[in-house]
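> Sequences and hints are given; from them, build the entire structure.
Chains A and B, in that order, are what the protein sequence lines are. Going letter by letter, the first sequence gives residues 154 to 589 in my numbering. Going letter by letter, the second sequence gives residues 303 to 609 in my numbering.
I should point out that these hints are in silico values taken from the structure, not numbers from a laboratory. Given the structure is predicted, the values throughout are model-derived calculations rather than measurements. All C-beta atoms, glycine included, are put in the ideal place defined by N, C-alpha and C. Careful: at least some of the hints might be erroneous.
[Said to hold, decoys possible] Here are the simulated lysine-lysine pairs, DSS-like style, with alpha carbons at most 30 Å apart:
| id | chain 1 | residue 1 | chain 2 | residue 2 |
| --- | --- | --- | --- | --- |
| 1 | B | K509 | B | K553 |
| 2 | B | K410 | A | K170 |
| 3 | B | K388 | A | K170 |
[Unchecked claim] Which residues of chain B face chain A? A partial, calculated answer using Cβ under 10 Å:
| id | residue |
| --- | --- |
| 4 | N352 |
| 5 | V373 |
| 6 | I376 |
| 7 | Y378 |
| 8 | R383 |
| 9 | E393 |
| 10 | G403 |
| 11 | M437 |
| 12 | S445 |
| 13 | T446 |
[As the list claims (entries may be wrong)] Here are the simulated distance ranges between beta carbons:
| id | chain 1 | residue 1 | chain 2 | residue 2 | range |
| --- | --- | --- | --- | --- | --- |
| 14 | B | A374 | A | N326 | 53 to 63 Å |
| 15 | B | Q432 | A | N479 | 21 to 31 Å |
| 16 | A | E480 | B | G403 | 49 to 59 Å |
| 17 | B | Q432 | A | S453 | 57 to 67 Å |
| 18 | A | N479 | B | D513 | 48 to 58 Å |
| 19 | A | L570 | B | G436 | 43 to 53 Å |
| 20 | A | L492 | B | A329 | 37 to 47 Å |
| 21 | B | A374 | A | G577 | 55 to 65 Å |
| 22 | A | E480 | B | T601 | 40 to 50 Å |
| 23 | A | L578 | B | G403 | 33 to 43 Å |
| 24 | A | L570 | B | Q432 | 22 to 32 Å |
| 25 | B | K594 | A | L578 | 20 to 30 Å |
| 26 | B | D568 | A | N479 | 56 to 66 Å |
| 27 | A | N479 | B | A329 | 37 to 47 Å |
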Amino acid sequence: MSNVGLIIQREFSSRIKKRSFIIMCLLGPLLISLFSVLAIKVSNTYEKQKVLIVDPHEITGLYWNDTHTKWCDFEVQFKNISDAEFNNSDFDVLVYINRKIVENNTVQIFYKDKPNPYSRADIIRQVETRLEGLKLEVTNIDPDSYYKLKQALIVKDKNINGEDVRADQNKSNIGFVFGALIFFFIFNFGVHVMRGVIEEKSNRIVEIMVSTVKPIQLMTGKIIGIGMAALLQFAIWTALTAVILTGIREQVYPDVYAPDKQVAQTAQTSHSDLQGPTHIEVNEMGQLIYEAVNYTGMISFFLFFMIVGYFFYAGIYASIGAAVDNETDGQQYLFPVTLPLILGFVAAYVTATNPDGAIAETFSIIPFTSPIVMMVRLPFVYGSANEWQLYLSMGVLMLSALLMFYLSARVYKKGILMYGKKAGLSQIWRWAVKGN
Amino acid sequence: MTIELRDISKHYSGHQALSNVSMQFSAGKITGLLGPNGAGKTSLIRIINNIIEADKGEILVNGNALDKSFVAKIGYLPEERGLYKKMKVAEQIVYLARLKGLSKQEAKSACDSWLHKLSLDEWRNARIEQLSKGMAQKVQFISTVVHNPDILILDEPFSGFDPVNVRLIKDLILELKAEGKTIILSTHNMNSVEEICDHVYMLNQGKKILDGAVGGIKEDYRPSAYEIQFRGNIIGFTNALWAGYELIERKQIGNENFVAVIKLVDGNTINNLLSTIIPHVQVERVEEILPKMDEIFITALNPEPHE
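See below:
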């Protein structure tokens, strides 16, 4: 095994044997799961919505007058309504019953506030139930035969005021969570690198090490070894979180598509029984966590930004460790180096509300902040006309990481053999740029 | 393995650490590298270790230019001891041995042998932070020699050891010398220099100020002084030394029995001295006073008193 390989192995194994690493491996998934469950529970606190059934052809009749569900109060009107009238009314949702609904099995939902998943499911179930009743009356078919023949109800919904802001918000929330994870991993393991270098320097083992390997090999081995520990922790977090969330799914977000659930979530779901459930277990946050996120795609980009972002910052943390004489001195430099990361976190927050704004675009390209900010933008730029910005950001980050690694190695080489004092910023700059 | 340094110079910002230093370290010899703090010893050791580069000059190993493989042949014990405190003893020794090019099996085997030799077998799974200072020093010493290096650079190898372990380490160093290792010993412990070094270099302010075999240097720095024990009248003795001699010290050890230290001046010899005093006293013992290495050290740094 090469010397760098040996150093990587030592750094990796010494990190993963630490009690704090093991605790974090267990605590992280528990906290993420707890956070997810809380988010799902909080997401259950939706308000009841007023639903107007517009049935100008009087197909569904007076069925609606006494229809009140847990999430919806229904009313019917047998004449058309304009957008303006709907906007001025106190109804939240409008369901339009077209003339051929029995044949085309389609309704259109208009809304001012997007129906929450519960009320949406209630609406669909009620319309379906009414349609089923109508069909049974008309055809004289026995219910069992009918449900075998029944086709799925197609629902198209549209916000009459424009785009689906809520869906976008959810997308950016997920991006923000991944960005926050990158912040955590870069900062946490970057500080590990800094402390490791200070430890080697203060206990003087570095003198023995650099008499055996080149400083850049020592630094590279340390950064890769600690980075691998970070990746292992992330893998454990991912696996354990997946296991926990899957394990508790039945309690927090039952799978409405499962064959044994007689539940309608969307119009594509067909009933196997006349008696639909009285309460429909659909939760927007649960749907987001369990179904909507493309984890494969997110994790692929997450890994890229985490690894390259870590390399970009780890070199800086290593050179700080080399430039100071003890951990107290290191703390003084920690803040200025962590500041861009914090700035990235703030920019990520702004980006979550405006993913295509100037701040989002700028900070997702600058390598100091791009690993965090681009994760928030990822759901918006990937597959869009701005996808090139994603690849530009990745390219800039990669090149910057290489440059930063080169400059950091120069500082590290000079700093590790300087004892008894800390290097000033001007000296660090001289080491980095001029090499002396 | 012979290492030859030719005109080595090293400059740091605003400070000349080494100026045209030339030295030779031979196989089977222990060479002392002496000098006060800041003399340039650490810079020189770091240059030999390939940790830093000289601005000028060259290093030859067996007459050939230094190459990368040389580093693996060095065992370096720095003055400021350093080990990974959380690592276990055997784990640490094996790790450092493997970095020096030993296979895992070779490293384990050499580690076991050295742990046994220094009576540390039962501590092999202890963390360094759990060891006493002396034991940690032993581990450090093992880490230096475990890969069977041809060259040993030992910076203050005896510090932190009790007298029993100082003896043990000295014996080990002499054993390694007998095996033909090239040993560079940097120390302020002049007794050790006197005891085990064959050759000595002294640096001061980056320049070599002393170069020679221990015996030769002691010869060069002989103070021409003798300790004489005699019986007789001290006044007559003192009067006899009126010219050409300097009475440094005198002490009465019995009735009309004295010991005096006399320095020869004006080209006088011991024979002249004896001829001068024998008519006045009965000489019982004469012994030449030879310089100790610490006196040579001080004299070399402050050349005025040495004429």
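> Please check whether B:A374 and A:N326 have a Cβ separation lying inside 53 to 63 Å.
For B:A374 and A:N326 the Cβ distance comes to about 55 Å; the hint holds.
> I want to verify a distance hint. Is the separation of the beta carbons of A:L570 and B:G436 within 43 to 53 Å?
violated, 27 Å
> Could you say whether the range 37 to 47 Å given as a hint is met by the Cβ separation of A:N479 and B:A329?
Since the Cβ atoms of A:N479 and B:A329 sit about 41 Å apart, the hinted range of 37 to 47 Å holds.
> Identify whether the interface hint at B:M437 stands, where standing means a beta carbon of chain A within less than 10 Å of its own.
This hint is violated: B:M437 lies away from chain A, its Cβ roughly 16 Å from the closest one there, beyond 10 Å.
> Report holds or violated for the interface hint on B:E393, using the least CB-CB distance to chain A and a cut-off of 10 Å.
At 9 Å from the nearest chain A Cβ, B:E393 passes the 10 Å test, so the hint holds.
> Under 10 Å, Cβ to Cβ, is where B:V373 needs to be relative to chain A, so tell me if that hint holds or is violated.
holds, 6 Å
> Within 55 to 65 Å: is that where the Cβ-Cβ distance between B:A374 and A:G577 falls?
violated, 36 Å
> Going straight from one Cα to the other, do B:K410 and A:K170 come out at no more than 30 Å?
holds, 21 Å
> Under the criterion of a CB-CB separation shorter than 10 Å, is B:S445 in contact with chain A as hinted?
holds, 7 Å
> Does the alpha-carbon distance linking B:K388 and A:K170 stay inside the 30 Å limit?
It holds: about 11 Å lies between the C-alpha atoms, which stays within 30 Å.
> Should the hint that B:Q432 and A:S453 are 57 to 67 Å apart at their CB atoms be regarded as holding?
violated, 45 Å
> Hey, does the B:T446 contact hint survive, CB to chain A under 10 Å?
Status holds, d = 8 Å.
Hint check: violations occur at hints 1, 11, 16, 17, 18, 19, 20, 21 and 25; the rest are consistent with the structure.
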